[in-house]
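A.B. asks: Residue numbers (this note's numbering), protein chains in the order written: chain A, 1284 to 1617; chain B, 1284 to 1617.
Rather than coming from a laboratory, the hints here were simulated on the basis of the structure.
Treat the hints with caution; some may be incorrect.
[Said to hold, decoys possible] Restricting the straight-line Cα-Cα distance to at most 25 Å, the calculated cross-link-like pairs of lysine to any residue (SDA-like) are:
#1 B:Lys1310 with A:Leu1294
#2 A:Lys1336 with A:Leu1294
#3 A:Lys1336 with A:Glu1353
#4 A:Lys1310 with B:Leu1421
#5 A:Lys1336 with A:Leu1373
#6 A:Lys1310 with B:Thr1317
#7 A:Lys1336 with A:Tyr1611
#8 A:Lys1336 with A:Arg1460
#9 B:Lys1310 with A:Asp1422
#10 A:Lys1310 with A:Leu1338
#11 B:Lys1336 with B:Leu1325
#12 B:Lys1336 with B:Ala1299
#13 A:Lys1336 with A:Leu1550
#14 B:Lys1310 with B:Gln1298
#15 A:Lys1310 with B:Asp1429
#16 B:Lys1336 with B:Thr1317
#17 A:Lys1310 with B:Asp1422
#18 B:Lys1310 with A:Leu1590
#19 B:Lys1336 with B:Arg1607
#20 A:Lys1336 with A:Leu1557
#21 A:Lys1336 with A:Leu1590
#22 B:Lys1336 with B:Glu1453
#23 B:Lys1310 with B:Glu1353
#24 B:Lys1310 with A:Asp1429
#25 A:Lys1310 with B:Gln1298
#26 B:Lys1336 with B:Gly1510
#27 B:Lys1336 with B:Glu1309
#28 A:Lys1336 with A:Val1430
#29 A:Lys1336 with A:Phe1313
#30 B:Lys1310 with A:Arg1425
Keep in mind that this is a model prediction, so the values were computed, not measured.
Protein chains: 2
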Amino acid sequence: MVNTVGSEPSLLEPQALARAEMDLAEKFIFEACTSQVAAVSLGAAHIMRAGGKRLRPLVLILVAKACGYEGSQSSARLGAAVELIHTATLVHDDVVDEADTRRGQYAVNTFFGNEASVLMGDYLVCRALRLIAEEPDLDLMREICDVIVSMCEAEVLQIAYRGDLENTFENYLTVIRNKTACLFSFTAMAGAHVAGAPSATCEAMRTFGLNVGIAFQIIDDVLDLLGEQNLLGKPTGSDLLEGKFTYPILHALREAPPGRREELRGLLSRTDQLSQEDLRSVVEMVREAGGFRAALDRAQEYTDRCLTALSEAPPGPALDALRRVVSYVVERQI
Amino acid sequence: MVNTVGSEPSLLEPQALARAEMDLAEKFIFEACTSQVAAVSLGAAHIMRAGGKRLRPLVLILVAKACGYEGSQSSARLGAAVELIHTATLVHDDVVDEADTRRGQYAVNTFFGNEASVLMGDYLVCRALRLIAEEPDLDLMREICDVIVSMCEAEVLQIAYRGDLENTFENYLTVIRNKTACLFSFTAMAGAHVAGAPSATCEAMRTFGLNVGIAFQIIDDVLDLLGEQNLLGKPTGSDLLEGKFTYPILHALREAPPGRREELRGLLSRTDQLSQEDLRSVVEMVREAGGFRAALDRAQEYTDRCLTALSEAPPGPALDALRRVVSYVVERQI
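The whole structure should be built from the sequences, with the hints applied where relevant.
C.D. replies: Shown next, in the form of structure tokens:
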């Protein structure tokens, strides 16, 4: 799990292998941001420019390549679509969470206001679905609708579990599976699908995506507690301040020795009023109780499953590149 | 335009003719509200129960019937889908507009909070699209995505034009065409489409829907200025308080005599601070300048166009029922 020796994992090589298709995906994203309404174009471009590493298009394009897809249109178009959907959910989350910063930029809602943020998110999702509707396959359309429905359900569940000191690992995993991993799962499956891969391979890629997505989110949640604001672009402990109890916290709530547990419960029962000092205490108690270690071990289990499923794709440079992407995802900053 | 003599227009007869399909549409709506997450089911059911007269499913089902569709599944399913999309946009508008009441119920955002409202709107749209994806026709899917994109663009434009005393009729018509009429247009076209109507008929129904939608929105905007809160379920002048200058206002800004015009501009330049007294003054000045009359005349033009297009559907009880629906839409409460 921990990147102990050798070079820092990097996306450079995988990106180089997928350069042509990634550029095309960027063109589709740019076109989707282009509206006859100037304010919409400006808003959409601002949102998509702020956006990260294009991890999802990279995975989709590399899976397609690994499975023998020799074109570029379909994988780039679907890659653009999943990135637009992912980004739209971040925009709507900013309305939801009243986050102040994300990715080091002002969150969209503080820039545009809640009103325009809601509309921009809707706009981006529908442009994404319109791209997917270019593929001559209603099954993809049906599946992505189901995925977005699951994502909404997970976000509602997450609100319902807020501040719940008795929440379970199972509930936490259900939330992250639906809010994060299902879209990764669709992404990897769609890559195999456009390549015309046999259905066993499509299903293996689905399993790969699901498991890498779960590992990704567990690690993201660990970083939210441990990371530096300038590395992650969001304030340390932002989940905690919203009453979102992620894996390390849930572990500590179970495993901390009784006295410490009561202290922890006391702090976590008033997450809206925690000082920086309180935050540091929580992180320290979680560390003592082995919460971070347990979370990373759990992420490792999902990483192992994801690598097993991934190995069912045909060997070659694209598969090697996907393994590097997995390393990057699970080893960042830890 | 004005319902001068005879019986109050009513939806009872059209609804009776479409009873079986309307019941089935209601079943599809109920199923779309059913989620594995209890809070989502509760929220969705609350939202859809609050919802109005199911005008859009009624139009879709009656157009299909008029065009010879003898089934019920496709028209009911698509009818449910357009109603879900329409309602989802109301939910997101409530976030947008910070409205306090809508349809006599507390607006969804004051009931659930902005966070859950955004998610519930997303959920309903994706369940609707999932229903449309059941139809074996990607063109419908592509078109509805384009319609929702247009709706988002129109809402952004509407924000951009807020408080703009120099706004034009053209801009106002562009906004209402995209925010309201395009979905009506899709609705009527889809009815003809599922009936397998020839493409000239499908296009005529699209024109019917577009024009009835524009007439509907102009009248809705008149009622927002003139109506009683308890009739419309929203506060009189709510558009005005948000700086939305609709047809009657735009007319008065042009046609009022110079002294009155300055007085009107003075009031409209501080719409966020208008008292009830001020509101009454605005309504009075608009009336003096012939703004309501002009708006209703304009709505009548679109109604005439809609009826001309509608007459291209095959004659029969369903076409008669559609004419009654048009009467109902354009004669309510005026």
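A.B. asks: Hint by hint, say whether it matches the structure.
C.D. replies: Going down the list of hints, with the structure as the test:
no.: 1; hint: B:Lys1310 with A:Leu1294; result: 49 Å, violated
no.: 2; hint: A:Lys1336 with A:Leu1294; result: 9 Å, holds
no.: 3; hint: A:Lys1336 with A:Glu1353; result: 24 Å, holds
no.: 4; hint: A:Lys1310 with B:Leu1421; result: 23 Å, holds
no.: 5; hint: A:Lys1336 with A:Leu1373; result: 14 Å, holds
no.: 6; hint: A:Lys1310 with B:Thr1317; result: 38 Å, violated
no.: 7; hint: A:Lys1336 with A:Tyr1611; result: 11 Å, holds
no.: 8; hint: A:Lys1336 with A:Arg1460; result: 21 Å, holds
no.: 9; hint: B:Lys1310 with A:Asp1422; result: 23 Å, holds
no.: 10; hint: A:Lys1310 with A:Leu1338; result: 16 Å, holds
no.: 11; hint: B:Lys1336 with B:Leu1325; result: 21 Å, holds
no.: 12; hint: B:Lys1336 with B:Ala1299; result: 13 Å, holds
no.: 13; hint: A:Lys1336 with A:Leu1550; result: 35 Å, violated
no.: 14; hint: B:Lys1310 with B:Gln1298; result: 16 Å, holds
no.: 15; hint: A:Lys1310 with B:Asp1429; result: 19 Å, holds
no.: 16; hint: B:Lys1336 with B:Thr1317; result: 21 Å, holds
no.: 17; hint: A:Lys1310 with B:Asp1422; result: 23 Å, holds
no.: 18; hint: B:Lys1310 with A:Leu1590; result: 44 Å, violated
no.: 19; hint: B:Lys1336 with B:Arg1607; result: 14 Å, holds
no.: 20; hint: A:Lys1336 with A:Leu1557; result: 32 Å, violated
no.: 21; hint: A:Lys1336 with A:Leu1590; result: 21 Å, holds
no.: 22; hint: B:Lys1336 with B:Glu1453; result: 30 Å, violated
no.: 23; hint: B:Lys1310 with B:Glu1353; result: 19 Å, holds
no.: 24; hint: B:Lys1310 with A:Asp1429; result: 19 Å, holds
no.: 25; hint: A:Lys1310 with B:Gln1298; result: 48 Å, violated
no.: 26; hint: B:Lys1336 with B:Gly1510; result: 18 Å, holds
no.: 27; hint: B:Lys1336 with B:Glu1309; result: 11 Å, holds
no.: 28; hint: A:Lys1336 with A:Val1430; result: 22 Å, holds
no.: 29; hint: A:Lys1336 with A:Phe1313; result: 15 Å, holds
no.: 30; hint: B:Lys1310 with A:Arg1425; result: 20 Å, holds
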